[in-house]
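**Q** Each chain, written out:
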Amino acid sequence: MTERKKLLIVDDDPDFVAGIKAILDTAEYETDVAYNPKDGFAALKARRYDLLLLDIMMGRGAEGVMMARKIRKDPALRDLPVLIITGIREQIAFLFPGQAVHPHFVPLDELLEKPVEPELLLEKVGALLQAAEARRQKV
Amino acid sequence: MSARSAVRILVIDDETIVLESCSAILEGEGYELATATDGAGGLETLRVFRPDVVVVDLKMPGLSGAEVLEKIREADPTIVTLVITGYATVQSAVDAMKRGAYDFLPKPFTPDEFRLIIRRAVEKRSLVLETIALRRERELLREHFAAIVSHELKAPLAATQQSVFVLERELGRVASPDQLARLARVKVRVGDLLQLIETWRCGVSVDSEAIRARRAAVPVGVPIAKAVESLAGAAARKEIDIAVTVPEPAPVVWGDQGTLTETLVNLLGNAVKYSRVGGRIAVSAEAYGATVRIAVADTGVGIAPEDLPLIFDAFYAAQPGAAGERGSGLGLTVCRRVVDAHDGTITVHSTPGKGSTFVITLPVHRGDGPDAPRQEAQPLAAPAKEGRR
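Protein chains in written order, with the numbering used here: chain A, 1 to 139; chain B, 140 to 528.
Hints listed in this document are in silico derivations from the structure and should not be mistaken for laboratory results. The model shown is predicted, which means the values in this text are computed figures rather than measured ones. Beta carbons are placed, not taken as given, at the ideal position from N, Cα and C, and that holds for glycine. Treat each hint with caution, since some may be false.
Stated by the list, open to error - EDC-like cross-link-like pairs, simulated, lysine to aspartate or glutamate; straight-line CA separation at most 20 Å:
| hint | chain 1 | residue 1 | chain 2 | residue 2 |
| --- | --- | --- | --- | --- |
| 1 | B | Lys365 | B | Glu425 |
| 2 | B | Lys365 | A | Glu113 |
| 3 | B | Lys326 | A | Asp15 |
| 4 | B | Lys326 | A | Glu119 |
| 5 | B | Lys326 | A | Glu117 |
| 6 | A | Lys21 | A | Glu119 |
| 7 | A | Lys21 | B | Glu309 |
| 8 | B | Lys326 | B | Glu309 |
| 9 | B | Lys326 | A | Glu113 |
What the hints assert, rightly or not - Which residues of chain B face chain A? A few of them, derived with a C-beta cut under 8 Å, are:
| hint | residue |
| --- | --- |
| 10 | His290 |
| 11 | Ala294 |
| 12 | Ala297 |
| 13 | Ala298 |
| 14 | Gln301 |
| 15 | Ser302 |
| 16 | Phe304 |
| 17 | Val305 |
| 18 | Arg308 |
| 19 | Arg312 |
| 20 | Ser315 |
Can you build the whole structure from these sequences, using the hints too?
**A** Set out below in structure tokens:
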């Protein structure tokens with residue numbers, strides 16, 4: 001039996017977090033929660049996670065984007081797979097003009113729109129964790 | 140006026156006596172003044188001095204006043220120009236006004252006359268600047284308001300829907316079929332509402348400038364294939380066959396793939412919605428001179444002749460679809476705005492009971508230029524593109 005995967009959810013909407021966490025808990029993941037980017041980043045620094053679920057539109061604007069940029073710049077965190085969860089598809093294109101809708105913040109990331117169908121969420125999380133595993137073994 | 144303190148006035152006249160008296164008249168009025176003794180020098184000064192108002196003598200050696208007016212208008216059409224004319228004929232003044240001059244002053248003039256015309260020009264300039272600022276503000280409001288409001292509306296709904304998803308999963312084995320059916324209705328209604336907000340947001344915030352900026356060479360088969368793919372499920376449920384005819388190689392349009400795809404999704408979605416079970420939809424594309432025509436034809440319920448002129452208007456409530464479906468009244472409006480931003484056209488032919496055909500005509504991509512097929516005329520006052528940070 002392998003160790004339970006550790007997931008961190010960073011999202012400022014407690015109701016949404018509760019919904020996501022309930023789904024992930026049924027799949028035997030260990031999930032921690034942070035309700036703002038600052039706490040989220042501190043959690044990432046304090047503990048090793050296997051996956052980050054990050055809300056893009058937090059607080060006043062796109063604070064999640066700032067957090068993603070910080071992660072990209074941090075050599076210790078750069079390889080952490082990130083599942084970006086956003087409410088507004090268009091906003092992403094707006095924030096990253098000239099880029100495809102998917103911003104590709106870090107080497108391994110995926111994009112999901114709120115609300116997320118439980119099966120789709122579990123599928124993406126599983127796929128990202130697997131891809132990260134495959135990358136690790138290659139290195 | 141704008142962010143600067145003093146209003147700047149530039150006087151261009153070959154007679155130094157005129158320049159001196161103009162300076163003397165305006166002394167103490169709080170203006171910042173610059174002078175030039177010929178057209179070339181005046182235009183040189185224009186670049187660095189960035190005046191609000193320019194006074195030009197019509198009759199000068201070298202560059203004529205008329206040419207100077209033209210050049211000023213090219214450089215900055217918001218600058219207010221006045222002409223001084225020695226030969227006080229109506230014709231020369233009219234000519235100057237045609238070239239964009241705001242007003243004229245025949246020589247000789249009194250200090251009061253000069254002061255008055257300058258005051259009026261300064262007023263005009265401040266109105267011009269205010270109009271530009273307001274227009275820009277309106278654009279930003281329109282774009283940002285739509286995005287922010289829809290986010291405020293969508294976020295709580297999305298969280299609600301997320302909980303419904305979880306409940307459905309958790310209660311799957313313990314709730315009664317009736318309870319699960321009620322939950323399923325909640326999910327459908329919340330989903331419809333989310334979709335509606337998204338459609339409204341798109342309708343309000345079609346950003347023509349952004350679409351134009353994103354244009355590139357798009358093989359027309361790509362957005363067509365994507366649109367057909369996204370409607371495949373809905374079509375299959377109504378046993379509708381979608382036939383696609385695109386020549387090989389596919390014509391290449393000059394466009395924005397994302398919004399073109401959305402437009403085709405919209406048209407195809409309508410075709411499915413207004414088709415009866417077992418109907419047929421044909422999507423075709425062909426090059427036609429300097430344009431590419433994309434047609435979406437259905438064999439559905441059609442559109443009444445009296446409705447045809449209205450269907451592209453915002454919030455025009457369309458008749459229910461073949462199975463009673465209702466639209467937001469915005470889909471075709473969004474389509475037209477997107478096509479307009481592409482310098483294209485969208486037309487419709489329809490026979491009630493027989494079906495409708497929508498035809499989009501888009502400029503073909505000419506492979507010669509670096510990227511743009513031709514020079515775009517710059518709008519007089521392009522709104523500043525400021526992203527949210």
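**Q** Decide, hint by hint, whether the structure agrees.
**A** Structure-based check of all given hints:
1. B:Lys365 with B:Glu425: holds, 18 Å
2. B:Lys365 with A:Glu113: holds, 19 Å
3. B:Lys326 with A:Asp15: holds, 16 Å
4. B:Lys326 with A:Glu119: holds, 16 Å
5. B:Lys326 with A:Glu117: This hinted pair holds, its Cα atoms lying about 11 Å apart.
6. A:Lys21 with A:Glu119: Given that 20 Å is the threshold and the Cα spacing comes to 13 Å, the pair holds.
7. A:Lys21 with B:Glu309: holds, 13 Å
8. B:Lys326 with B:Glu309: holds, 14 Å
9. B:Lys326 with A:Glu113: With a Cα-Cα distance of about 16 Å, the restraint between Lys326 (chain B) and Glu113 (chain A) holds, given a limit of 20 Å.
10. His290: Where the cut-off is 8 Å and the nearest Cβ of chain A is about 6 Å from His290 (chain B), the hint holds.
11. Ala294: Because about 5 Å separates Ala294 (chain B) from the closest Cβ in chain A, which is inside the 8 Å limit, the hint holds.
12. Ala297: holds, 4 Å
13. Ala298: Hint holds; Ala298 (chain B) Cβ to chain A Cβ min 4 Å, cut 8 Å.
14. Gln301: holds, 3 Å
15. Ser302: holds, 5 Å
16. Phe304: holds, 5 Å
17. Val305: holds, 5 Å
18. Arg308: holds, 5 Å
19. Arg312: Violated: closest Cβ of chain A sits about 13 Å from Arg312 (chain B), beyond 8 Å.
20. Ser315: violated, 21 Å
Checked against the numbered hints above, the structure breaks hints 19, 20 and satisfies the rest.
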